[in-house]
Amino acid sequence: MSNMLIMLILLGLGVVGFFLGRGRALQVAGGDRRELHSLPVYYGAHVGLNAVVPAAMLLFVWLIVQPFVVNNAASDLIAAESASEAGDLSLIMSDVRRVAEGLDLLASTEGMSDAAIAALSVDDGNLRERLAGVGVALGADVQADTLEAAKRYRAVDATGDMLRTITVILVALAGLALSWRLITPAFRARNTVEKGILAVLIAAATIAILTTVGIVLSLIFNTYEFFKLYPIGEFFFGLSWSPSFSGRGGSSELGIIPLLWGTFYISIIALLVAVPIGLFSAIYLSEYASRRVRSIAKPLLEVLAGIPTIVYGLFALLTVGPLLVDVFGQDGALGVNWMQGGTAVITAGLVMGIMLIPFVSSLSDDIINAVPQAMRDGSLGLGATHSETVRQVIIPAALPGIVGAILLAASRAIGETMIVVLGAGAAARLSLNPFDAMTTVTAKIVSQLTGDSDFASPEALVAFALGITLFVVTLALNVFALYIVRKYREQYE
Amino acid sequence: MTDATSNAPAIKGTASSLLTESPLMKKRNAAEARFRMYGVIALCIGLGFLVFLAVSILRNGIPAFTQTVVSVEFTLTQEQFDEAESKMLKTAAYTEIFVNGVTAQLQERGLDVPFDGGTIERLMGKVGGDLRSFYRDNPEAIGVPTTFELPAASRVERYLQGNLTREMVVDGRFLEAADLDVVDALAEAGIITSAFDWNFITGADTGVDNPGGAGIGVSVIGSFFMMLVVLVLSLPIGVAASIYLEEFAPRNRFTDLIEVNISNLAAVPSIVFGILGLAVFIQFAHLPQSAPLVGGLVLTLMTLPTIVISTRAALKAVPPSIRDAALGVGASKMQAVFHHVLPLAMPGILTGTIIGLAQALGETAPLLLIGMVGYVAREYPDGFASGLLDPNSAMPAQIYTWAARSDEAFFEKAWGGIIVLLLFLLTMNLIAILLRRKFERRW
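Just so you know, the protein sequences line up as chains A and B, in that order. Mapped onto the numbering used here, the consecutive letters of the first sequence carry residue numbers 101 to 593. Mapped onto the numbering used here, the consecutive letters of the second sequence carry residue numbers 45 to 487.
Note that these hints are calculated values from the structure, not bench results. Keep in mind the model is a prediction, meaning the values are calculated, not measured. One or more hints might be untrue.
[Claimed, not checked] Quick look at which bits of chain A chain B covers, simulated, 3 or more residues with Cβ under 8 Å:
(1) 103-110
(2) 127-137
(3) 191-199
(4) 259-270
(5) 395-406
(6) 413-420
(7) 557-567
From the three backbone atoms N, C-alpha and C, an ideal C-beta is built for every residue, glycine too.
If we strip away everything but chain A, and leave its shape as in the complex, we get (with noise of 0.2 Å):
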């Protein structure tokens, strides 16, 4: 039976529970509402909480446990010397699986009954075709060993399907039974179900753990893969980033310094970008502007901040990438021959920073007009200029909160991605001149990930390292920058 037809009837019970249980409350109440500690609803929605819930928890559960189960069962029957390491074994078994599937769809599509199944044999010699014409293709002829252990793996998933039908559908019975019996006139029927919501809401709130944990073990389970089969020494302090493409680890160079020093130039460049427009934008809307300037200028500055990534990035290549080479290129209006493509540090270095702009001018914003107006009028009262009074009076104070909002800015311009793959080059290399193309953490994470390699080769694998060091580098940026502001804002609050 399928799971949707499970759930639909799970559902099903908790509709009639939902019934059954509103019912009965006004039944032992007597018809009267007034005897009753919650609403009849309340009764109801016990009920058919009580139906639903940890049936649905059991089927969950199952359906994670049983691959495993059923795999285990099927696996004791290849023989030993066929699967002689465990990637063989794994290998065999998803040969077992798809020749189950295809046994599957030979029942469901030519009509084969489960005796004339169990009676086939890798002798009638047809079967690889037989499958084939279902389509299940198999890249060899079915082994015996193989077949048998599909066999049985079909009638394992057999029984556990069946069982689990039933099982979760017991469950709901005897919830909806047991928590039926349980309805008096004095039973807290809203307290219980309204615990049940806080439960929900918990595990709602849990989710964002989860998502961390999820984060944190996916990236450190691959990244000790890797360094298993590469050196952890060479990964962190390699000078050369030189994957190979077919072979299998021993030629590859994947020292990840060129990348970090792509990475840390490219937002270095931003940042002088982002920074001082930024920085002298928010002086001015906040302190100098009109409030009509302000009301139109701040919205539209902070429309490049709401601007997709994609968009940057096909910004970079096809347009400020070729502008800067007209410049700085060949026969470029300097003359000077320093860029030879359109894809260079500078390119993706200048885009970025301005998607940074907004970061650094609203942030810086909303620093500088938290500084106290008594500061101000002291210094404009002592006979200082209104930029004397920006210079040596705001900025000072506002320094500690600005300095963590360009380091926020910095750590959006570390895991940066779309700008670098499109703009950045794919080249690493260890270089100071902004005209050359380098790469980034982020553009060889999507390379590295998105080729055809094997997965569990170390030129894959490599970007689950790339990962970790760019999540540990851009949450200590973040950690340490929401502690500057968070300790700033305290002072004048």
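For this one, chain A is given, so just place chain B on it according to the hints.
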């Protein structure tokens, strides 16, 4: 006491006056003006970038919405149909018949430019396939003059848009310089015209060899299904989490941990969520690659912090007197929240959700890792389950795919795709602003 009017010795001979500016004051005022100027310049540069970006999007993207078509009247006789169907290379036979027909027709109209069948073929590409499927689907059209609006070759299109100049044309099998004279003549005669390209909006992606026919429609559907998943999951989960944190959570280690987690998740680079999706949903849970369901799940996790933060702000804005009043007349805490606080906070929650969805809609990096890029979305999904589970692309992924192709004709499509994407984002943000305007309450 010194008398204010007494002649105090002037400081080092500088007669200071309020009426005449001293050199020092001049310097200070100049610095003031300069400083103010820096601010104006910075603001202008920032806004200038915005204008530059907008102009380059519009300038490059608008042509994607038009298509250069060649409209010709053409009649296929029954004998020609039978003859073409009996040949080995059927579409080539159709192309030949068509080219001959059109050549004869144009020569009758007396074009004063020399041309031959080859020219027509170069201008219009391989029309045989289109013709054949048309006549097979509409056998009644055989023998009847029919007007065809056939897409011109992409190079012709770029020539008419001014992106391809005569000097750039290298004689080859695609286009010869002499052909451009024919194009000019045909354009003058109104045979080559420009039309709105509905196919770009409704069509599917094509392979690398046919930039003209590529459309964004299928990936819009892919994005739609992803947003559906995001909305269905992140709104209830986000609201439930915020209600717990804002209304029920005691101050303890556990809730502190959740709060720290949420604020940190909001700052985790999006590519890391892509890695999570790849490792958990595809490697571990064996969900199908490139499926909008997986994309939606990843984007849900990304959007949750945004929704939680805005929902908590909305809940916080509901004054405590509402809660107190509800509790005072005997509601339980849960009833007070669900019956009174939540409805009042709803406009704020919806605004935050729409903004979160808009962010998720434009997000590309996680989609790269779960395989939505590189998948050529050729077909509309049939039905709901297929829309969720079958491989598809999404708008930003589609734009990236086009930008990464080597044929420059796809770049125009990528810019056009960006216009479509930004229109969606603009609409969503406008709805959010309107919602806020209409329902915002100041307590």
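Checked hints:
1. By the rule of at least three residues with a Cβ nearer than 8 Å to a Cβ of chain B, the coverage given for the region 103-110 of chain A is violated, with 0 such residues.
2. Counting residues of the region 127-137 of chain A whose CB lies closer than 8 Å to any CB of chain B gives 0, which falls below the minimum of 3, so the coverage claim is violated.
3. With 0 residues bearing a CB less than 8 Å from a CB of chain B, the region 191-199 of chain A misses the requirement of three and the coverage assertion fails.
4. A count of 0 residues in the region 259-270 of chain A with a Cβ less than 8 Å from any Cβ of chain B is obtained; the coverage claim is therefore unmet, three being the minimum.
5. Using a Cβ-Cβ cut-off of 8 Å, 6 residues of the region 395-406 of chain A lie near chain B, which meets the minimum of three, so the contact claim holds.
6. Figure legend: the region 413-420 of chain A, annotated as covered by chain B; annotation consistent (6 residues with Cβ-Cβ distances under 8 Å, at least 3 required).
7. For the region 557-567 of chain A, the assignment as covered by chain B holds, since 3 residues bring a beta-carbon within under 8 Å of that chain's beta-carbons and 3 suffice.
In this structure, the hints that do not hold are numbers 1, 2, 3, 4, in rising order.
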